[in-house]
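Going down the list, the sequences are from chains A and B.
Anchor point for the first sequence: position 111 equals 111 in this note's numbering, and the numbering is continuous, going up by one each time.
Count along the second sequence from 1, then add 291; that gives the number in this note's numbering.
Hints may be right or wrong, so weigh each one.
[What the hints assert, rightly or not] Below, simulated DSBU-like cross-link-like pairs (lysine-lysine); rule was C-alpha separation at most 35 angstroms, straight line: (1) LYS580(B) <-> LYS267(A); (2) LYS163(A) <-> LYS278(A); (3) LYS88(A) <-> LYS73(A); (4) LYS220(A) <-> LYS580(B); (5) LYS135(A) <-> LYS678(B); (6) LYS678(B) <-> LYS220(A); (7) LYS678(B) <-> LYS278(A); (8) LYS678(B) <-> LYS262(A); (9) LYS88(A) <-> LYS135(A); (10) LYS580(B) <-> LYS278(A); (11) LYS678(B) <-> LYS144(A); (12) LYS239(A) <-> LYS163(A); (13) LYS678(B) <-> LYS88(A); (14) LYS678(B) <-> LYS267(A); (15) LYS226(A) <-> LYS580(B); (16) LYS88(A) <-> LYS165(A); (17) LYS226(A) <-> LYS267(A); (18) LYS163(A) <-> LYS678(B); (19) LYS73(A) <-> LYS165(A); (20) LYS678(B) <-> LYS151(A); (21) LYS163(A) <-> LYS220(A); (22) LYS678(B) <-> LYS73(A); (23) LYS678(B) <-> LYS239(A); (24) LYS165(A) <-> LYS226(A); (25) LYS73(A) <-> LYS151(A); (26) LYS165(A) <-> LYS678(B); (27) LYS239(A) <-> LYS267(A).
Since the hints were made in silico from the structure, they are not lab data.
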Amino acid sequence: MHRNRVRPVLTIGVLALLALFVAACGSSDDVTTDSTTTAAAKTEQPSPQEEAAVADYRDYLEQNTGELAAETKPFVAAVVAGNVAQAKARYAAARIPYERIEPVAGAFGDLDPRIDAREDGVPADEWGGFHRIEKALWIEDTAKGMAPVAKQLQADVEELDQKVKTVDLDAVEVATGANELLAEVSGSKITGEEERYSHIDLVDFEANVEGSLAAFEAVKPLLDAKDADLSGEIEADFKMVFNSLEPYRRGNGFVLYTDLTKADTRKLSIKIDTLAEKLSQVPAEIDNSGE
Amino acid sequence: MPSKTSITRRRLLASAGVGAAAVGLGGGGFLAGRESAEADSTGTGIVPFYGAHQTGIDTTAQDRLHFAAFDLLTEDPAELRELMREWTRAAAEASEGEMVGDVNDVPLAPPDDTGETVGLLPSRLTVTFGFGPSLFEKPGLGLAGKRPADLQPLPTLPGDNLNPGESGGDICVQACSDDPQVAFHAIRNLARIGRGVVAVRWSQLGFGRTATTSRSQDTPRNLMGLKDGTANIKSEDAEAMERFVWIGEEGPAWLRGGTYMVTRRIRMLLEVWDRASLLDQERTIGRHKYSGAPLGGSDEFEPLPLEAQRNGHPLIPRNAHVRLASARENSGARILRRGYSFTDGVDESLGELEAGLFFISFQRRPEQFVEIQRRLGQFDALNEYIKHVGSALFAVPPGAAPGGYVGETLLS
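If we strip away everything but chain A, and leave its shape as in the complex, we get (with noise of 0.2 angstroms):
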């Protein structure tokens, strides 16, 4: 059910919400900017239970974009080699990282767009990144001429590692980009385009609502104290999307997306869906400005 939680702040009209928000973007002049910057006002001086749940944010963050370089590695060196064998074993694992901190990446200018655009997200002579090396290794079965793309790859991803240190982040963002992962299920995992040569797709179904549920978790002390059953409510829901994934669950990693029936893609859909749609309320729940 969908249930409206927070109560309309009167005092705050759009215009002003939006005059602070505008204040809050980043600054980046590249028109990809913008699309990820969704948050909400911010606070002018956050409360140390927000600074809290951002530095709890921070760390997963930092960790990701670390093990992100790190898992990188190894894959761009099999794709440098020429180790089509090597590079695909290789290629999960490099991916998760990154699905779990996504939204964050988004903020950064064309950086996403260089490590994560797919086929049809860009010029074609603009392509690079994941997904380029993706349909070599599974549609090409080859690694040739891969190598300056990889390269890029490991340099933009360790540019994401660098920069996210400096990243600029409030609570209602970090909630804010809990929800913004399960859009991602919802519109490219759910669907099997996001990997569409490996169809890979369950394995970063998996990654971002493990990253949602870590921004969420982060912000949580500030939920409980606002409205605790909504709070609950959200971590069983968790709950029950991890475990509709177990039925597909081999070894490492997952079957297919090519594996699964209609009926199996719309179970886990309406899952995502019932779920959030209760985290969707949560930044309007935890945003103090204006009180």
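Chain A is fixed; fit chain B onto it per the hints.
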């Protein structure tokens, strides 16, 4: 062979009496409403079919759509000519609120007209025909020499996620009306008339208009709850219509007074959109949700403040839909949008609403659309919530005069 009769809906009703009553037409009231209806005001009148331009382009947008793309099953030019003659005649009859065909009261013959509009008003039906690029690639038709350079399949555009089964087509028919059954009736009867010569490739129902094409109309909302088409070309703006919509001297003789039609089936991820905060929704589009005013403004029709800054950042985000779609960002190019909301039940593999916008635009050159969509497909913040799953391009020939037929300029 039964002799041809010409019992039209009007005559059937005018003769009134037992026959009309027996089929439950409620005679007098229907006649009164039918005769007094004004073409463009009440939504019940007649839009005259014949004219220099085809109808359904600059016609004040009706509320409902049924669109169909057909594959041509023949390469005999005579058969194609005959089809367009018959279709023109039927479209003109249906536009007038008449029954289609001649044989509608022979007891042992299936009626020509399928009958579901008997008793309904003309409801501003328009029927618009277009020819796809693939029509010109059928050697038997001998049309290759008449193919306009502009009539090429649309290039692959960023974000395209097209299903071939919902794309393309040799011939299209756009039926618009303020009554959904009248629009459906037109497509159904044309498909029946064309049986054996054409087959429906794909079709789309649209349940609500999402564009304003006249200053007399309020701006409708699309399924995202947003006003759509505020900055659209209005048919009263003759200069803009000439400049951006109607093909002139630059086109081949057969296409002058016509236009190019682009259709895009755009699936909206409504479940995801509905979970986005109001602020996110408004920044995605670049307008306030309820007033339709540009961000920071208060009136729907005030100009977009594309240069405006607040605290050193653009008031309208760089990737906001209205900014990227604006004429200023697209070398001044504008298009006439005439789209409809659709829903086709539930997406079987997601358990989510299969719904969105059936985008239709008319433009003098396909490039006008391509330039805009190239930018939108790559940068538009809205891409997080939509997918382009169907696409088609058609050359829409000029209108026909009474006694002639649509497409005559190409096929004769």
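Is LYS135(A) close enough to LYS678(B), meaning Cα to Cα at most 35 angstroms? Distance ~21 angstroms between LYS135(A) and LYS678(B) Cα, so the pair holds.
Straight-line alpha-carbon gap LYS226(A) to LYS580(B), limit 35 angstroms: 28 angstroms, holds
Quickly compare the C-alpha distance for LYS580(B) and LYS267(A) to 35 angstroms and report which way the hint goes. Between LYS580(B) and LYS267(A) the Cα gap is close to 32 angstroms, so the pair holds against 35 angstroms.
Hinted pair, alpha-carbon criterion (35 angstroms max): LYS73(A), LYS165(A). Please report holds or violated. 20 angstroms, holds
Hint check: LYS88(A) vs LYS73(A), CA-CA at most 35 angstroms. Holds or violated? 13 angstroms, holds
Given hint LYS239(A) paired with LYS678(B) - CA-CA distance at most 35 angstroms: Measuring from Cα to Cα gives roughly 30 angstroms; hence the hint holds.
35 angstroms Cα cutoff - pair LYS163(A), LYS278(A): 31 angstroms, holds
Mind checking the alpha carbons of LYS239(A) and LYS267(A) for me, to see if they're no more than 35 angstroms apart? 15 angstroms, holds
Below or equal to 35 angstroms on CA atoms is what counts here, so check LYS163(A) against LYS220(A). Holds. LYS163(A) to LYS220(A) sits at ~26 angstroms (cutoff 35 angstroms).
Is the hinted pair LYS163(A) and LYS678(B) satisfied, with a Cα-Cα distance of at most 35 angstroms? 31 angstroms, holds
Please verify whether LYS220(A) and LYS580(B) have alpha carbons no more than 35 angstroms apart. Holds: LYS220(A) and LYS580(B) sit about 30 angstroms apart, inside 35 angstroms.
Given the proposed pairing of LYS678(B) with LYS278(A), does the C-alpha separation stay at or below 35 angstroms? 24 angstroms, holds
In summary, this structure violates none of the numbered hints.
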